[in-house]
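A.B. asks: For the sequence shown, the working numbering gives the first residue as -10, with consecutive numbering after it.
Keep in mind the hints are simulated off the structure, nothing from the lab.
Here a beta-carbon is modelled for each residue, glycine too, at the ideal position from N, C-alpha and C.
Check the hints yourself; a few may be wrong.
[Claimed, not checked] Mimicking EDC-like on lysine to aspartate or glutamate, the simulated pairs with C-alpha atoms at most 20 Å apart in a straight line are:
id	residue 1	residue 2
1	Lys4	Glu142
2	Lys169	Asp184
3	Lys172	Asp161
4	Lys(-7)	Asp48
5	Lys(-2)	Asp48
6	Lys30	Glu120
7	Lys182	Glu120
8	Lys182	Glu143
[Claimed, not checked] Pairwise CB distance ranges (calculated):
id	residue 1	residue 2	range
9	Ala(-6)	Lys169	36 to 44 Å
10	Leu84	Ala59	20 to 28 Å
11	Leu177	Arg125	54 to 62 Å
12	Phe55	Asp184	44 to 52 Å
13	Glu(-4)	Asn78	39 to 47 Å
14	Phe55	Arg83	43 to 51 Å
15	Glu142	Asn29	42 to 50 Å
16	Asp161	Asp48	46 to 54 Å
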Amino acid sequence: MTFKAFEFKLLLFAKPLLPRVFYNGMGPNGTSHSSWHRFNKHSCAYRWSYFHDLYGAIDYVVATVFLAVALILGMTGIGWFGVKPTEGNELQARLTGGAVGCAVGLALARWVFLVMNYWVGASSQFIRIVEQELKRCHPENTMLTGDTHECREEQIARIVLNAVTYLEAKADTLVGRKEKYRKHHDALIANIKQDG
């Protein structure tokens, strides 16, 4: 398994546990795609936190999972080693202490996910804004028909024809030093005509 595949599986695992975190980490602070810019654009600047643009979603997920696992192991260790065993029943006392510590660690780990979700996650207002923008933009709807989601061949053919026409019109700009790109340009036009 590659590292990218591992990240993807980790994000899928964390999505239900940390849904608000996935609206963070949109870009470095100050850039046009950062959450600072988005919050200001939609009059939510008072809700913006430094943590929104500090790290990406995967960074917050890894930190939260690490903290949860550390709590579980730490509480189990405290339960195992912190027990004063009675006479002759040392193993049973340690197992009981470890089990209780593990149960407490699991409960605290769940609280870690809840707290991190609200602490470093986006506000409800910002989530609504992002969801509205996503619902408004559906480029695939121009290619699909109704509920059956079948492709509109004529629409795709029209877009392919527009792309070919545009590229053929730009062929005149390939002069001088740019002439070396003509072979690639012609191959691109041929590929678009053939495969769409």
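A.B. asks: With reference to the structure, classify each hint as holding or not holding.
C.D. replies: Hints and how they fare:
no.	hint	in the structure
1	Lys4 with Glu142	violated (36 Å)
2	Lys169 with Asp184	violated (24 Å)
3	Lys172 with Asp161	holds (13 Å)
4	Lys(-7) with Asp48	holds (13 Å)
5	Lys(-2) with Asp48	holds (14 Å)
6	Lys30 with Glu120	holds (15 Å)
7	Lys182 with Glu120	violated (36 Å)
8	Lys182 with Glu143	holds (14 Å)
9	Ala(-6) with Lys169: 36 to 44 Å	holds (38 Å)
10	Leu84 with Ala59: 20 to 28 Å	holds (22 Å)
11	Leu177 with Arg125: 54 to 62 Å	violated (31 Å)
12	Phe55 with Asp184: 44 to 52 Å	holds (45 Å)
13	Glu(-4) with Asn78: 39 to 47 Å	holds (46 Å)
14	Phe55 with Arg83: 43 to 51 Å	violated (26 Å)
15	Glu142 with Asn29: 42 to 50 Å	holds (43 Å)
16	Asp161 with Asp48: 46 to 54 Å	holds (48 Å)
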